[in-house]
Amino acid sequence: MVVTRFAPSPTGYLHIGGLRTALFSYLWAKKNGGKFVLRIEDTDKARNSEEATQAILKAFEWLGLEADGEITYQSQRDEIYAKYIKQLLDEGKAYKCYMSKEELTELRETQMANKERTKYNGKYRDFDGTPPEGVEPVIRIKAPLTGEILVKDGVKGNISFQAEDILDDFVIARADGAPTYNFVVAIDDYLMGINEVIRGDDHLSNTPKQIVVYKALGFEIPMFYHVPMIHNSAGKKLSKRDGATDVMAYKEMGYTPQALLNFLVRLGWSHGDQEIFSMDEMKELFNPKDINKSASIYNTEKLDWLNAHYIKNTPNSELAELLTQYDLVLASHDKKEILLDELKERAKTLKELASLTKEILETPTTYDEKAVKKAFKGNAIEVLNTFGAKVGNAKELHLPSDYHHLMEEVVNEMEIGFGKIGQPLRVALLGKMSGPGLDSVMAILGKDETMLRIANAITANS
RNA sequence: GGCCCCGUCGUCUAGCGGUUAGGAUCCAUGGUUUUCAUCCAUGUUACAGGAGUUCGAUUCUCCUCGGGGUCACCA
Numbered sequence: 031m032v033v034t035r036f037a038p039s040p041t042g043y044l045h046i047g048g049l050r051t052a053l054f055s056y057l058w059a060k061k062n063g064g065k066f067v068l069r070i071e072d073t074d075k076a077r078n079s080e081e082a083t084q085a086i087l088k089a090f091e092w093l094g095l096e097a098d099g100e101i102t103y104q105s106q107r108d109e110i111y112a113k114y115i116k117q118l119l120d121e122g123k124a125y126k127c128y129m130s131k132e133e134l135t136e137l138r139e140t141q142m143a144n145k146e147r148t149k150y151n152g153k154y155r156d157f158d159g160t161p162p163e164g165v166e167p168v169i170r171i172k173a174p175l176t177g178e179i180l181v182k183d184g185v186k187g188n189i190s191f192q193a194e195d196i197l198d199d200f201v202i203a204r205a206d207g208a209p210t211y212n213f214v215v216a217i218d219d220y221l222m223g224i225n226e227v228i229r230g231d232d233h234l235s236n237t238p239k240q241i242v243v244y245k246a247l248g249f250e251i252p253m254f255y256h257v258p259m260i261h262n263s264a265g266k267k268l269s270k271r272d273g274a275t276d277v278m279a280y281k282e283m284g285y286t287p288q289a290l291l292n293f294l295v296r297l298g299w300s301h302g303d304q305e306i307f308s309m310d311e312m313k314e315l316f317n318p319k320d321i322n323k324s325a326s327i328y329n330t331e332k333l334d335w336l337n338a339h340y341i342k343n344t345p346n347s348e349l350a351e352l353l354t355q356y357d358l359v360l361a362s363h364d365k366k367e368i369l370l371d372e373l374k375e376r377a378k379t380l381k382e383l384a385s386l387t388k389e390i391l392e393t394p395t396t397y398d399e400k401a402v403k404k405a406f407k408g409n410a411i412e413v414l415n416t417f418g419a420k421v422g423n424a425k426e427l428h429l430p431s432d433y434h435h436l437m438e439e440v441v442n443e444m445e446i447g448f449g450k451i452g453q454p455l456r457v458a459l460l461g462k463m464s465g466p467g468l469d470s471v472m473a474i475l476g477k478d479e480t481m482l483r484i485a486n487a488i489t490a491n492s
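Quick note on my numbering: the first sequence kicks off at 31 and runs consecutively.
Calculated from the structure, these hints are not laboratory results. Keep in mind that a hint or two might mislead.
Each computed DSS-like pair below joins lysine-lysine, with the alpha-carbon atoms no more than 27 Å apart [to be verified]:
id, residue 1, residue 2
1, Lys123, Lys61
2, Lys131, Lys88
3, Lys400, Lys342
4, Lys270, Lys88
Distance ranges between label pairs, derived from CB positions [to be verified]:
id, residue 1, residue 2, range
5, Glu348, Ser326, 36 to 42 Å
6, His435, Glu282, 42 to 48 Å
7, His428, Trp335, 31 to 37 Å
Don't be surprised by glycine CBs; every beta carbon is placed ideally from N, CA and C.
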């Protein structure tokens, strides 16, 4: 069974890059009928926060990504890590290192001065003398000094590292006993049964270290997929400083989960020429072997297009429900079908849809100057008066077509073009020159509001 | 700097030895629309450079250049 995972450290909100690897992991597990598990890497007590964990969970909930099983918290697994540290110590595969921080720093400075690679010199690797006083030891693992470390990566292919180029006896437990990242990751991934690791390729250079741990403990090494980074417009790794990287900010801006997920799945991954993917299609078609090797630049132009696409194709009842999150309650409006049909064609975001709706529903108090100048020429007032009277006398006015007939009558009786009534009427109803079809607008507003707006406009612009 | 990864339109990408190098987005133009938006049509724009292998390279190899990642008692 395929088991994948998402393992964020709770130091802030869930960001776009993390979400994409989470999505890839989720999709790959689902595609294989496997499991997608969540592990919170909260071993750095100084930087972690409970709020951050909650923020990540909240984002998952919004997007409909659900982790299987219980959430694992590394902070609760100290005994497990301690057990393996002891095991390695007992087996002589790890050892206590009494080098002080000052000595370590000095060692590094010397190496840098000599233009050598900075690495631990193995001073306590085979130490059996009396430990120095006053130094709490760290635990270091005995890493291979020579030879090849091969990372089998499903995205990049086999990547070969030379131990002498990159390894040293790295710390697996700090002086206070707390285990370090590369150590616990390997243990947890193994213990949690994770056999397919999909993560950002900034972890690629950590992988050899983790492989050292896997081998020392006799664990089976999982399949890795290192997904290329998402870069900002400057071509650098997308970070929390880049703005608009908090996933929940997209909710506030009026993006739908569907659009965001569709946008993200196509960043670094493709399936031929297909652009639109439903969640079911993603689960069906996603395969990490189709992930791109190169980084992609984060650019939301396509997200807007996708969002508009999904809004257009969302049923009105669902849209009305969604819009309540943007302070728009449409439930009681008897013409909301017409309203939403008209407006969802022209909104890129739910937020925009909400404000477009409010604009129409609110009686205009000002009129765009240019629009007035252009529309209120000649006998515009007379036309509006004539039309207003017809609306007033009409018995049954419900559908857009009812209003349209009235407009046609005016056009025919006064022998004018459609624009002669359309333009001033539009300004009267909406206060400006652009907007949805007038027939629909009037049907949405109803007879009384329509007459009110016409009268208001005549008064204001006579 | 060491190590590792990457390099097709502005952007997201297809391509896996022979293609007029395709799609999407963006932009522009035209059509539809009383207007705006939608929608439809059309158009501009790309294989980083150089060697080699080959009858033939965007595709394979090498070099150069360019970009990125990573080098903690952070994750």
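Now the hints, each set against the structure:
1. Between lysine 123 and lysine 61 the alpha-carbon distance is near 39 Å, which puts this suggested pair outside the 27 Å criterion.
2. As the CA atoms of lysine 131 and lysine 88 are separated by approximately 40 Å, the hinted pair breaks the 27 Å bound.
3. Under the criterion of a C-alpha separation no larger than 27 Å, the hint pairing lysine 400 with lysine 342 is inconsistent with the structure, at around 31 Å.
4. Of the supplied pair hints, the one linking lysine 270 and lysine 88 holds, its CA atoms being roughly 18 Å apart against a limit of 27 Å.
5. The hint said 36 to 42 Å for the Cβ distance between glutamate 348 and serine 326, and at roughly 31 Å that hint is violated.
6. Distance hint for histidine 435 and glutamate 282: a CB-CB separation of about 43 Å, consistent with the stated range 42 to 48 Å.
7. Between histidine 428 and tryptophan 335 the CB atoms are about 35 Å apart, so this pair conforms to the stated range of 31 to 37 Å.
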